[in-house]
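J.: This is what each chain is made of:
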Amino acid sequence: MKEQMYEEMVNAGKPKSAVLQNCARAFLVGGIICAVAQILYNLLMSAGFTRDDTGLLVAAILTVTTILLTALRIYDRVGKFGGAGSFVPITGFANAIAAPAIEHKKEGLVLGVGAKMFLIAGPVIVYGTLASVIVGIIYYFVR
Amino acid sequence: MTKHFGNASVRFTNPPSIISTAAIVGPKEGEGPLAKYFDKISADTLFNKDTWEQAESELMRQTIELAIQKAGLTTKDINYIFAGDLLNQNSGSVYGARSLGRPFFGLFGACSAIGMAMALGAMLIDGGFADNVVANASSHFCGAEKTFRFPLELGTQRSPTASWTVTGDGAVLLSSKGEGPFVTAATTGAIVDLDQKDVNHMGAAMAPAAAEVIKAHFDDLGLPHDYYDVIATGDLGIYGKKLTEQLLQDSGFNFCDRLTDCGILIFDKERQDTHAGGSGCGCSASVFAGYFMKKLHSGEINKMLLVPTGALHSVVTIQQGETIPGIAHAVAIERNM
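Those protein sequences? They're chains A and B, same order as listed.
Numbering (the numbering used here) for the first sequence: 1 to 143.
Numbering (the numbering used here) for the second sequence: 1 to 337.
In case anyone wonders, no lab produced these hints; they're calculated from the structure.
Mixed in with the good hints there might be a few duds.
Short, incomplete list of chain A residues facing chain B, as computed with Cβ under 7 Å [to be verified]:
| no. | residue |
| --- | --- |
| 1 | Glu3 |
| 2 | Lys80 |
| 3 | Lys105 |
| 4 | Gly108 |
In silico DSS-like cross-links for lysine-lysine, where the CA-CA straight-line distance does not exceed 27 Å [as the list claims (entries may be wrong)]:
| no. | chain 1 | residue 1 | chain 2 | residue 2 |
| --- | --- | --- | --- | --- |
| 5 | B | Lys28 | A | Lys105 |
| 6 | B | Lys70 | B | Lys28 |
| 7 | A | Lys14 | B | Lys242 |
| 8 | B | Lys70 | A | Lys14 |
The beta-carbon is built from N, C-alpha and C at its ideal position, and this holds for glycine as well.
Working from the sequences, and respecting the hints, build out all of it.
T.: Here it is, written out as structure tokens:
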């Protein structure tokens, strides 16, 4: 009872997140990242790479660039501005792996970098793989 | 139990004097509104060390040594050290006190640590078990983020109610002799938990504990509600302080204009982007040791109640779905006995 009343009091006093502004920023930052990827894709295709190779190369370039920007403490500022816009694309995934790896470097290469690297991205990999297996099985039967 | 009053309070018959304090903070705190009140502002968040954990311990050692030096004493004159921090197994304090070689009590009360340390230190001195006791609390933004939240380099947004852990340390040297200000009374808080689960809104988890201990302090000691010039909570932040005010008003306390919060004072919310305000053991400790002590010395404040607040959760308990238990301790500091 007391807890419920207090919960209402807490919620009444809570500032609202700027949802519209956050959405606009996410759209802008996410859009820029995807546009850069598209430009890279077009450039590589016109340089004569196959469609498969181009896809892999674009992902690799974005990942390596993000890791660099993470180490230079630039990507966290992009993330603070862009929110989901910079977290959802593959660059966000690269940042989520690089950031804990840097943070836990002092705990050694095995238990620090090696183990803690997947602190945030680990669940994404686990459940992403699981979901793809389930979808694959369903697809096999309903195809 | 002649010194024990009411449910949870003590009044000291030989109030210990605060013979010196020291406050050392990091660069961000040094850019805040209280910069001129701190003894030292380190430009280096690593304090010349290799890790955040070592940095906090170094900060802690330096601050304690400075407080001892300011009192004109040597480390050997210190009978006991009470110290708390936020790192696992109190490692910030433990490694900091390692080279000091004095009897040591490590405390965990989350961000309420300085209140706990001062109350226990004062009890020890009033009881005749010690002459000089150091009460200390420290926190480090980077160490706390690593322990409780995400890596610094991760690109995320902070909740509007989130607080910013202070990189800072406050050391308070209590003595059986001295000219004051004096620690005259203390109320020990019980754990209060009103089912709050949001670790990005710790002000809400701690606000009921702060209100409870303030009420208990006045009730136990039979003090008029306008007794203190200032009542300073630890790190409730903007939203938590409002909740404590509301809870106090609801129970008939009308001195809320005298209520302030160390977490709100230490940063400029707009300019420094600290959302709800500062937090961490070092928040109330450094703001008291730096800012409030100077106000007490100058006579701008004669009587104050320091109420450091703590959220007693761990990462594991929160992941298991537990709520955040809050705690707060009240320590009365007066210029005259």
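J.: What hints, given by number in increasing order, does this structure fail?
T.: Hints 3, 4, 8 not satisfied by this model.
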